[in-house]
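> Protein sequences, first through last, are from chains A, B, C and D. Sequential numbering from 1 applies to the first sequence in the working numbering. Sequential numbering from 1 applies to the second sequence in the working numbering. Sequential numbering from 1 applies to the third sequence in the working numbering. Sequential numbering from 1 applies to the fourth sequence in the working numbering.
Read the hints as simulated data drawn from the structure, not as lab findings. Just to be clear, a hint being listed does not mean it is correct.
Listed below are the simulated DSS-like cross-link pairs for lysine-lysine, each with C-alpha atoms no more than 27 Å apart in a straight line [said to hold, decoys possible]:
(1) C:K48 - B:K40
(2) A:K10 - D:K40
(3) A:K64 - B:K40
(4) D:K22 - D:K40
Chain A stretches covered by chain D per the calculated footprint, using a threshold of three residues with CB under 8 Å from any CB of chain D [what the hints assert, rightly or not]:
(5) 1-8
(6) 64-75
Have a look at the derived ranges for each label pair, beta carbon to beta carbon [what the hints assert, rightly or not]:
(7) B:E23 - D:D123: 28 to 34 Å
(8) C:H334 - B:R75: 33 to 39 Å
(9) C:E390 - D:A177: 17 to 23 Å
(10) B:T27 - D:D176: 19 to 25 Å
(11) C:A322 - D:D28: 46 to 52 Å
(12) A:E53 - C:H334: 28 to 34 Å
As the structure is a computational prediction, the values presented were derived from the model and not from experiment. Don't be surprised by glycine CBs; every beta carbon is placed ideally from N, CA and C.
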Amino acid sequence: MRARVFVTLKPSVFDPQGTTVAEALHTLGYPSVSDVRQGKYFEFEVASASAAEVRRIAAEVSDKLLANPVIETYRIEVVDPARV
Amino acid sequence: MRARVFVTLKPSVFDPQGTTVAEALHTLGYPSVSDVRQGKYFEFEVASASAAEVRRIAAEVSDKLLANPVIETYRIEVVDPARV
Amino acid sequence: MPFDAQVLEQHGVTPEEYARIVELMGREPSFTELGIFSVMWSEHCSYKSSRVHLKTLPTTGPRVLQGPGENAGAVDIGDGLAAVFKIESHNHPSFIEPYQGAATGVGGIIRDIFTMNARPVALLNSLRFGSLDDPHVRRNMEGVVAGIAGYGNSIGIPTVGGEIDFDDSYAGNPLVNVFCLGLAKADEIIRASASGEGNPVYYVGSKTGRDGIHGATMASAEFDEKSAEKRPAVQVGDPFMEKLLLEACLEVMKTDALVGVQDMGAAGLTSSTCEMGSRGGVGIEIDVALVPQRETGMTPYEIMLSESQERMLLVVKRGREAEVEAVFTKWDLHAVRIGEVTSDGRMRVKHHGTVVADIPNRALTDDAPVYRRPMSTPAWLAEAQQLSFEGLRPLEPGDALVRLLASSGIASKRWVYRQYDHMVRTDTIVMPGMSAGTIRVKGTDRALALSVDCNARFVYLDPAAGAALAVAEAARNVACVGGTPIGATNCLNFGNPQRPEIMWQFGKAVEGMGAACRALDIPITGGNVSLYNETDGRAVLPTPTIGIVGLVEHADRVVTRTFKAAGDVVVLLGDGRGELGGSAYLSEVHTLVRGVPPALDLARERALQALLVVLAMEGINRSAHDCSEGGLAVTLAECCFDAGIGVDANVPASTAPSAGWTDVATLFGESASRAVVSVTEADLPRLRQMAESAGVPAAVLGKTGGDRVRIRVSGQPAIDVALGDAEKTWSGAIGKRFTRAS
Amino acid sequence: MTFAIVVFPGSNCDHDAYHAVKHVLGADAEFVWHKDTSLKGADCVVLPGGFAHGDYLRTGAIARFSPVMPEVVRFATSGGPVLGICNGFQILLEAGLLPGAMLRNRSLKFQCEYVRVRVEQTDTPFTRACAAGQVLRVPIAHGEGNYYAEPETVARLEKNRQVVFRYVSESGEATDAANPNGSASNIAGLCNEGRNVVGLMPHPERACELAVGSADGLVLFESVLQAVAGGVRHAL
Ligand SMILES: Nc1ncnc2c1ncn2[C@@H]1O[C@H](COP(=O)(O)OP(=O)(O)O)[C@@H](O)[C@H]1O
Ligand SMILES: [Mg+2]
């Protein structure tokens with residue numbers, strides 16, 4: 001089953017990249033775009049038939065490796081082929 | 001309205017980061033995890049009430065700036081508060 | 001008292017200090033004012049525990065253009081130029097978040113340099129970690145190194161040197177000390193001082209967020225959990241913003257429209273405002289509502305205490321505003337006017353016009369508390385200084401050499417500095433790993449040789465002697481290259497000063513550092529103190545890191561560590577006394593940190609350094625390497641590495657500290673004031689004669705050449721290893737620890 | 001002859017390029033601010049190394065939209081010699097003046113060290129003074145120099161002889177061990193089909209004086225000096 005992890009900086013943490021991208025978009029003529037936040041996106045396969053199990057593993061590896069709990073938070077999506 | 005853009009390397013492109021993460025996860029004791037791909041994740045506000053309009057703008061800025069078509073592809077999600 | 005004991009405690013303000021605040025204010029402070037006092041009177045800003053000791057350091061000299069008290073020190077290097085330099089610690093943040101902690105440390109010290117109208121041209125760092133056997137330590141070190149690289153590389157300042165050492169005491173409290181040097185026109189240095197009633201005060205740089213606000217204040221009355229949650233102690237560095245600030249500030253400074261500048265480092269807007277005012281004997285009034293803010297609903301308290309990075313405070317000459325604003329606009333930065341200079345010597349903070357803080361600058365700076373904290377010799381010291389060889393078997397010298405070459409402290413740090421851009425600016429003429437990092441000064445014949453050093457084992461066993469030895473080693477490193485030490489900066493990393501034995505270590509170390517700098521004629525133009533480096537009541541090894549600037553008269557004559565040709569003569573300058581106390585050998589092979597550090601005769605040290613400089617500038621030395629960690633054997637091996645040239649040496653035996661220990665003491669003892677140099681056969685007589693007139697012992701050890709490191713002790717074979725194998729061990733040891741499998 | 005050195009916000013090798021062409025080579029040099037829309041009549045344009053816009057988002061991604069870039073494109077399409085060094089190369093890729101893209105180094109680390117590159121083509125304005133197959137010792141300093149292009153593109157580059165520099169061992173072979181970052185077919189530098197636009201990851205401007213470790217990079221600037229003197233620009 002496929003898991004997706006979205007890692008983003010905590011809302012209060014300064015995101016220089018997002019800020020710079022926002023400014024670039026304004027100069028490119030997209031004034032309507034604002035509050036850009038840049039994060040990391042992970043996709044991986046977990047050899048398991050149980051969505052709950054996949055979610056558990058995804059959460060574990062996010063805590064351990066994918067996200068830095070000091071400044072980042074993450075969100076997990078499990079793509080259950082059965083449900084797709 | 002909020003737009004989310006997921007930028008990932010094309011399947012044909014070797015992803016040194018993803019590979020390293022996968023190896024790290026195996027040494028951390030997660031043999032069941034495989035085929036890790038790492039990408040970028042963007043979230044931003046678009047001042048518009050129309051989901052279609054937001055999607056159009058998100059696609060435009062992704063083509064222009066957020067993704068490099070030579071190596072990357074992207075996927076867009078529009079978070080329509082009306083629907084949430 | 002409007003504040004209960006808990007609020008004061010969270011602000012780190014003692015009841016006595018609070019009483020003092022009320023006395024200085026002539027009334028009870030407001031909550032915002034209490035916050036302002038708490039940061040300005042904190043150890044970090046006020047130096048309240050260390051001040052009395054730092055006063056004893058030598059800070060003057062004919063070359064000194066700026067001593068302690070400004071953003072950085074400055075010394076004259078001739079040709080109308082000044083070297084502006086300082087070292088800063090970012091220990092605690094680098095433990096919490098290694099990458100950002102180290103990165104923002106680099107950012108901070110760079111701002112200290114360019115605020116003085118100096119172009120930053122070199123970075124060094126001094127790092128301390130626990131054992132690399134510990135995966136947490138490895139992750140921490142990997143993050144710290146990446147953070148230093150990420151920030152320095154992006155701005156384009158080469159990291160030309162540094163040092164790293166390892167000890168379990170740093171496992172929960174790594175040390176990250178960053179040194180930066182800049183070049184300025186000697187007569188164009190700008191000070192962080194305000195003047196001129198009515199001159200506008202500008203804010204420029206990143207917007208102010210809630211980051212970095214003194215953690216202790218989070219839970220205090222005014223805030224609920226949510227707002228505490230809103231305030232990350234971690235600051236994220238923005239090297240791109242810093243690069244823009246750097247270029248824009250240097251461009252603005254060309255206009256002479258500025259009165260003074262200070263970066264918003266620790267205690268952000270608070271310290272920059274009251275320090276600039278008090279230095280200039282004037283007042284500053286600002287309205288925090290005008291401060292660009294990243295987040296909504298920020299209180300004056302939060303704005304004044306925020307430590308958001310990449311922000312500067314400028315005082316501009318009235319009437320010149322447009323020029324200044326134009327330059328910042330060119331760089332897509334906007335300078336915002338947030339207040340003006342007043343004549344009343346007070347820091348007045350308004351919020352939408354209403355005064356929220358009104359404090360005499362002196363109360364926050366000069367009148368801050370000063371403590372003469374009790375000191376007492378640690379109970380354990382006498383015992384630790386006892387070194388008995390009973391029950392120890394000396395390791396076979398060849399094996400010992402390999403063990404030492406593989407040890408993290410001695411092994412090549414290439415894995416680290418390869419991640420640093422050490423060539424940008426095309427001035428680096430001695431690369432990291434080759435000796436003290438050296439940069440040429442374009443437009444002159446000169447160069448600057450830079451070294452940061454501290455052997456904390458020595459300091460632990462005898463703080464005064466250890467600190468003096470650190471000064472001697474750093475100065476010797478620059479002398480080997482051909483540089484005359486002309487200035488120093490220090491970063492004093494110690495434990496909790498409220499513990500008398502820690503305060504004793506501190507006091508003694510400062511004493512020793514001062515004595516050495518006096519004897520070697522090296523003024524200390526500034527520095528930084530980092531206290532409370534402890535985990536669970538266990539302090540780090542006392543680590544008074546010293547950074548030294550050496551002036552090289554002829555850049556084209558710099559000398560490096562490595563042998564240059566086979567058939568050259570290898571000479572030991574200075575002599576070994578087989579001193580093993582606190583040596584790398586004892587700690588690596590026998591896991592012992594005991595004994596007394598090597599004796600240091602500062603007169604001999606000074607003579608050796610003077611000789612090294614002459615030998616380099618006269619073109620006699622073809623290589624020179626100071627003899628430090630690992631002793632003579634390691635030094636000889638290091639001279640072969642990266643040169644592919646072996647050595648065949650015969651070392652006169654030193655007197656053994658104990659029966660059967662002659663070879664080990666001779667080869668791995670760390671006696672001070674020694675260097676290994678190589679010269680051509682033809683130049684040997686000149687070297688001999690010059691050494692003699694300098695009163696420096698010079699012993700011919702042997703010749704360069706071959707593909708082995710062969711060392712005899714008084715004729716008896718002691719070490720004979722293949723150069724290739726030894727070098728592989730030395731160069732691969734650190735990288736191996738970080739290969740993905742490990 | 002005059003070099004235009006484009007300064008983007010975050011460029012940090014602009015002064016190094018300036019020093020190399022002005023003080024070592026002895027040519028004239030002008031800085032051109034990225035918001036300028038004129039190249040000041042320069043004979044050669046250099047996009048220097050650094051971290052334009054902090055390399056945020058993607059190396060070169062934002063810089064390619066700088067107001068000066070349309071001028072650079074016009075200059076390039078008219079046959080003018082353009083050299084992109086490191087970050088400048090990355091900008092040329094993002095701007096589409098050269099094919100392909102950069103990935104993180106396979107070490108996932110920034111690498112600053114000397115490498116050896118072999119000159120594969122001597123009919124570009126920046127290599128005409130080189131001997132075919134000449135091996136240059138020059139430094140790299142980048143975290144994203146892992147060149148990628150689709151296999152067909154790489155094949156086309158080889159066929160059109162657009163691979164100008166290749167990472168090689170001391171003995172001059174393009175081995176995997178000699179490849180510092182994982183670049184496709186050890187590619188260290190390329191040119192466009194017109195051969196007048198050259199980009200490379202190594203820093204020739206850092207290797208123009210023995211005092212700083214190597215003078216092997218100077219030949220690139222001497223080449224373009226000759227090219228411009230010989231009026232090659234119009235021939236192209
Ligand atoms: N953290 C670091 N960053 C950059 N260079 C370093 C670092 N640590 C060590 N080096 C370099 O490695 C070499 C050896 O360091 P060290 O053992 O402290 O030398 P020495 O014993 O001569 O003081 C020096 O040239 C030093 O500049
Ligand atoms: Mg050292």
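> If a hint holds in the structure, say so; if it doesn't, say that too.
Checked hints:
no. : hint                        : in the structure
1   : C:K48 - B:K40               : 47 Å, violated
2   : A:K10 - D:K40               : 46 Å, violated
3   : A:K64 - B:K40               : 19 Å, holds
4   : D:K22 - D:K40               : 16 Å, holds
5   : 1-8                         : violated (count 0)
6   : 64-75                       : violated (count 0)
7   : B:E23 - D:D123: 28 to 34 Å  : 43 Å, violated
8   : C:H334 - B:R75: 33 to 39 Å  : 36 Å, holds
9   : C:E390 - D:A177: 17 to 23 Å : 50 Å, violated
10  : B:T27 - D:D176: 19 to 25 Å  : 24 Å, holds
11  : C:A322 - D:D28: 46 to 52 Å  : 32 Å, violated
12  : A:E53 - C:H334: 28 to 34 Å  : 53 Å, violated
Hint check: violations occur at hints 1, 2, 5, 6, 7, 9, 11, 12; the rest are consistent with the structure.
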